[in-house]
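A.B. asks: Given chain A's structure and the hints, the job is docking chains B and C onto it.
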Amino acid sequence: MQVSLRDIRKSFGAIEVVKGLDLDVADGEFLVLLGPSGCGKTTALRMIAGLETASAGRIYLGEQDVTDVLPKYRDIAMVFQSYALYPHMTVEDNIGYPLYLRKVDKTERARAIREVAGKVDLLDYLDRYPRQLSGGQRQRVALARAMIRRPSLFLMDEPLSNLDAKLRGHMRTELKHLQNELGVTTVYVTHDQIEAMTLAHRVAIMKAGELQQLAPPREIYNDPANLFVAGFIGSPPMNFMNGEISSGAFRADGAELTCPGFGDHANVVAGVRAEDLRIVEANAGELQGTTYAIELTGNETLVTCQVGDSLVIVKMDKDYDEKIGTAVGISLTNQQVFFFDAESGVRLRPLDS
Amino acid sequence: MSAKSTTSSPAQPAKSQRTLFQRIFEPKDIKSLSPARLVMTYSILIFWSFVVLFPLYWLLVTSFKLPIHVSDGPVYLPFIDFEPSSHAWSYIFFDLGNDTFRPYMNSLIIAFASTVLAVLFGSMAAYALTRITYRPKIMSIVAFIVILAAVVVATIAAGIPWQIGLAVGAALFVLFLLNLAKHFKRALGNNDILFWIISQRILPPVVAVLPIYVMFQQVGLLDTHFALIVVYMAVNLPIVVWLMRDFFATIPIDLEESAELDGASRFRIFLTIVMPLAKPGLAATFLLVLILSWNEYLLALFLSTADAQTMPLLVAAQNATRGPQWWYMSVLIMIMILPVIAMTGLLQRFITRGLLIGAVKG
Amino acid sequence: MSSFSARFSEWSDRRAPTLLILPTVLIILALSIYPLLLSLYLALSRFKLVRGGYELKFVGLSNFKKLLFGSQQYHFLGTFGRVSFLEWCFLALIAVGFGLWIWRYLRSGKAGPFGLIGRMITATVLTGLVLLCLAVLNGKGFPGSLVVTLFYVFAGVSIQLVIGLGLALLCAQRIQGRNFFRLIFFIPLMVTPVGIAYAFRMLADVSKGPFAPIWQWLGYGDFAWAVDAWSARWVVLIGDSWQWIPFMFIVLLAALENQPGEQVEAAKMDGAGGWQIFRDISWPAIAPVVATVVLIRLIEAFKIVDLPNILTNGGPGIATESMTLHAFIAWRTQDLGGSSAVGYMLLFVTVVTCVSFFNFVAQKTREADA
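Order-wise, the sequence lines are chains A, B and C. Per this note's numbering, the first sequence starts with residue 1, numbered consecutively. Per this note's numbering, the second sequence starts with residue 1001, numbered consecutively. Per this note's numbering, the third sequence starts with residue 2001, numbered consecutively.
Don't take every hint at face value.
The list that follows gives simulated cross-link-like pairs (lysine to any residue, SDA-like), each with its CA atoms no further than 25 Å apart [claimed, not checked]: (1) B:Lys1028 <-> C:Glu2265; (2) C:Lys2268 <-> B:Phe1267; (3) A:Lys106 <-> A:Glu92; (4) B:Lys1182 <-> C:Pro2017; (5) C:Lys2065 <-> C:Leu2137; (6) B:Lys1182 <-> C:Arg2015; (7) B:Lys1028 <-> C:Gly2177; (8) C:Lys2268 <-> B:Phe1025; (9) A:Lys166 <-> A:Gly298; (10) B:Lys1185 <-> C:Leu2022; (11) B:Lys1028 <-> C:Pro2017; (12) C:Lys2057 <-> B:Lys1182; (13) A:Lys106 <-> C:Ser2003; (14) A:Lys315 <-> A:Glu300; (15) B:Lys1028 <-> C:Arg2007; (16) C:Lys2110 <-> C:Val2352; (17) A:Lys72 <-> A:Ser55; (18) C:Lys2208 <-> B:His1087; (19) A:Lys315 <-> A:Ala282; (20) C:Lys2048 <-> B:Ala1157; (21) A:Lys72 <-> C:Arg2007; (22) C:Lys2364 <-> B:Trp1196; (23) C:Lys2140 <-> C:Trp2275; (24) B:Lys1279 <-> A:Leu101; (25) B:Lys1137 <-> A:Glu52; (26) B:Lys1137 <-> C:Leu2022; (27) A:Lys103 <-> B:Phe1267; (28) A:Lys72 <-> B:Phe1267; (29) A:Lys19 <-> A:Asp68; (30) A:Lys323 <-> A:Ile294.
Hint data in this document are derived by calculation from the structure and do not stem from the laboratory.
The following block holds chain A by itself, in its conformation from the complex (with noise of 0.2 Å):
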């Protein structure tokens, strides 16, 4: 099912926490809500359930406005970040109790239940109490009570920050599995990017309750609409050098990199991504440092220069090592460099484009 949302805010007493959110989540689209903590993705994830009123602004599912709806009457499933299963009933109970509420009868629900228990791995669990599940249990019982109703919209609210890093990424994959298999719309929040990346067919990139950039994952790393954007997204994080254009070329100090196109303007962030850099020798390349510190993290090494007064992460492959503090140059690989107003942060585009 689609959902719009139309110039929705949310105040608390005097704090707005989302400021006019415009937004269109296409049938069967994965739709990802991304954002450092308190940008408002959780609110506006609650007002699509209706856990939370909208101070302003329509919401719709499909055609209908749902704005002033109850909850139970919107025909939504949400799961939670605490998974919110029922402590006093089994999973057989948790998984089947959306069911049991639409007074589906017994055998029906049975049939139902071991369906989607068989589809989340659970059907050897069915009589345990969730406290005797491991946490990615837990999570796939979540998973599978949202799903035995077959909802028209999907609503997870980090659904897997509460699990160690390795199983994370298992149920990342699961999840994504069991989405396009149901193909049933889903809007899910999180403030981990990688889930973002890997996850969604687009990305809403959110900040202090504003919408910054939607698009898909590639889309946004490639083309960052503005400054928040860029250095959200990507790890390392993008490198960030203050400097000015003028005459067709940035300078900060250290560096000087071309840029036909661009206007003359005093106050520059240019931005770079550590995988389109390479150390080069003293004197050569674009940016001049020295070693700041040198990172092994298994596949690659991550050398951290000092340019005029910024720290430059360079990815270089396993095998590099030099000392620390040695002088060196660094070059552009490709001519990957955004540039951002530093007072906006939006982003600075050739003029001729």
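C.D. replies: Then chains B and C, alone, in the frame of chain A:
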């Protein structure tokens, strides 16, 4: 001063070298107490155990005494000081028979019924006050009090039948709510309602019981189970609300929101999610209120005379009818407090928790 | 039919906020608020049995006048003795103390009209009660039910707090058998007050009670405590304390066990002794709990009736009569107006005491804690 400096100096003597003074008044290590302190602690605690247990022991042995064992001065130890006799027990159980059992059954029925109702209604209110925001208008409350006062004056002073007075009052108030209330803005919040409910406990029962006596007399409910059940329920409601509120607040709201999205109604959430999760708190509150109702004396004194007489009244009545026939009284008291003490022993953790929820958290 | 049940469940869900709280509100309105108003009316009337029923006659404040100045003054306030010069000085000292307290409040810059009025009521009522106590407790004076109730409340709560706290401190140490003592000490709280009253009547009997040999050895063999006003009051107070010390004990023990052990260990490392640890660490940590239990006990202690009624029947004379018992006795003699008036006086004293304690003592400890 010198003694102190030696004790706190880092070069404390090894255990074997400690002086007699140190061995008595200083602990061996930081985890234990000094012998002197240990002896003092245990003497006081054991003395207090004696203070607590002796009156109960005395009731127990007295219930097995013959009149002669009492009137000739105290005897202490059964089988040694005196030969115990079960005459008092058989008198109370067999000779008096129904005169004992009826009040006992009355007490059981009234205590259980009033406790069930108080816990049910009190839990509902406590849950509502933790999860739902109320904004009662101040003017509505003022209007209500004015109308209520008018009804009181009209029924008593002007002699209007109370049914008519009540109906007219209710109608006036509903009219006010529907037509005038929307013009007023100032309102109270949940905490004010909570405070209002809990503060009812300050009201001395003797203030309320006289009018209740008059009210029940008019509708012919004096000396019935019903009268005592509703009155006990009313006096214990504030306790239930106070204790249960903190319990409900500890239940994660996620559970309820999840059930709400799955399509459960408020009442279903309350009955199938919230109440099962609050079981420990419910048990504690239930036991506490049950014991309070079981032991209650003053209200029963006013509101029951014969048919609905409860155990405390029966025990108290021994004063007048039997003078100092302590052996019978002891039996009656024993059968009243033994179940409670047994329950206390078995469920002490529960009951204590009930007491603690409110008090420690404030 | 099913559509009806569906409509009903829909309706009940929408009205759930009201339906959940309505029973409690209605019960309290019907059995607390309405009786309270009716009781006020009764207190202002004279009740008379007439043929086929009764008659209420509005008599204004005369029931209260009777209690405070008239024929029932001896019963309610007591018989006044002469207040000595020294006692006047003591009273003046208290009045000056309250004056300073209000003065400091006015100077604090946070003063408001409600705070000022509240403090003035507290100061006036408490000073008045102290004067009353001084007047009836000396020489030829004899206390009435108001002062006797105050004695039960203030002496009782103080004794219960001190002993309860002491036992809790002993039990909170690292000792074996803590749970055993906790269980034993808890029992009296659950025993019916009526039973306690009889048990203590037996125990206090100097010729047939268990301590009779001791009394005889001390030469009190024929002393009748029930005939002496003060010994009778103390027996009532001891019975009441026996029941309520466990309450203080169990709550304070829990509070002591709740305090973070690391703070105590840190203080031990710094070389603090037992008393210093109590004063500087334990007491500040449990003070809000102490304030709460004292408040609960104040509220409940004002209602005392079972023990004096059964232990001593209010006697000798009116010596052990609490206000609730006074109201009950008035009711038994068909004086419904007088009974309600006593009830209202009790309500007034209770509310002033408890609200003062809550606002001016309990809240302070909580602010300090936060």
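A.B. asks: Evaluate each hint against the coordinates.
C.D. replies: Hints, one by one, checked against the model:
1. A hinted pair counts as satisfied when its Cα atoms are at most 25 Å apart, and B:Lys1028 with C:Glu2265 qualifies at roughly 16 Å.
2. Under the criterion of a C-alpha separation no larger than 25 Å, the hint pairing C:Lys2268 with B:Phe1267 is inconsistent with the structure, at around 53 Å.
3. With a CA separation close to 12 Å, the supplied pair A:Lys106 and A:Glu92 stays within the 25 Å bound.
4. Only pairs whose Cα atoms come within 25 Å are accepted, and B:Lys1182 paired with C:Pro2017 is accepted, the gap being roughly 19 Å.
5. A hinted pair counts as satisfied when its Cα atoms are at most 25 Å apart, and C:Lys2065 with C:Leu2137 qualifies at roughly 22 Å.
6. Of the pairs offered as hints, the one joining B:Lys1182 and C:Arg2015 holds, with about 19 Å between alpha carbons and a cut-off of 25 Å not exceeded.
7. Proximity of B:Lys1028 to C:Gly2177 is assessed by CA-CA distance (about 20 Å); at most 25 Å being required, the pair is judged to hold.
8. Distance hint between C:Lys2268 and B:Phe1025 is fulfilled; the C-alpha atoms sit about 16 Å from each other, no more than 25 Å.
9. Only pairs whose Cα atoms come within 25 Å are accepted, and A:Lys166 paired with A:Gly298 is accepted, the gap being roughly 16 Å.
10. Of the pairs offered as hints, the one joining B:Lys1185 and C:Leu2022 holds, with about 22 Å between alpha carbons and a cut-off of 25 Å not exceeded.
11. Only pairs whose Cα atoms come within 25 Å are accepted, and B:Lys1028 paired with C:Pro2017 is rejected, the gap being roughly 61 Å.
12. For the given pair, C:Lys2057 sits about 40 Å from B:Lys1182 by alpha-carbon distance, which is inconsistent with the 25 Å threshold.
13. Using a Cα cut-off of 25 Å, the hinted pair A:Lys106 and C:Ser2003 holds, with the two alpha carbons roughly 22 Å apart.
14. Of the supplied pair hints, the one linking A:Lys315 and A:Glu300 holds, its CA atoms being roughly 7 Å apart against a limit of 25 Å.
15. This hinted pair does not check out: B:Lys1028 and C:Arg2007 have alpha carbons roughly 74 Å apart, beyond 25 Å.
16. Pair hint C:Lys2110 plus C:Val2352 holds up; C-alpha atoms about 22 Å apart against a cutoff of 25 Å.
17. Proximity of A:Lys72 to A:Ser55 is assessed by CA-CA distance (about 20 Å); at most 25 Å being required, the pair is judged to hold.
18. Our distance criterion of 25 Å between C-alpha atoms is met by C:Lys2208 and B:His1087, whose separation comes to about 20 Å.
19. Taking the CA atoms of A:Lys315 and A:Ala282, the gap is near 17 Å; set against the 25 Å cutoff, the hint holds.
20. Between the alpha carbons of C:Lys2048 and B:Ala1157 the distance comes to roughly 14 Å, so the proposed pair stays at or under 25 Å and holds.
21. Annotation: proposed proximity of A:Lys72 to C:Arg2007 holds, straight-line Cα distance about 16 Å (limit 25 Å).
22. Under the criterion of a C-alpha separation no larger than 25 Å, the hint pairing C:Lys2364 with B:Trp1196 is consistent with the structure, at around 22 Å.
23. Distance hint between C:Lys2140 and C:Trp2275 is unfulfilled; the C-alpha atoms sit about 44 Å from each other, more than 25 Å.
24. A C-alpha spacing of about 22 Å is found between B:Lys1279 and A:Leu101, which places the hinted pair at or below 25 Å, so the restraint holds.
25. For the suggested pair B:Lys1137 and A:Glu52, the alpha carbons sit about 24 Å apart, so the restraint of at most 25 Å is met.
26. Our distance criterion of 25 Å between C-alpha atoms is met by B:Lys1137 and C:Leu2022, whose separation comes to about 16 Å.
27. Taking the CA atoms of A:Lys103 and B:Phe1267, the gap is near 16 Å; set against the 25 Å cutoff, the hint holds.
28. At most 25 Å may separate the alpha-carbon atoms for a hinted pair to count; A:Lys72 and B:Phe1267 meet this at roughly 14 Å.
29. Note on A:Lys19 and A:Asp68: the hinted pairing holds, with a Cα-Cα distance of about 19 Å set against a maximum of 25 Å.
30. Proposed proximity of A:Lys323 and A:Ile294 is supported: the alpha carbons are some 8 Å apart, at most 25 Å.
Checked against the numbered hints given earlier, the structure breaks hints 2, 11, 12, 15, 23 and satisfies all the rest.
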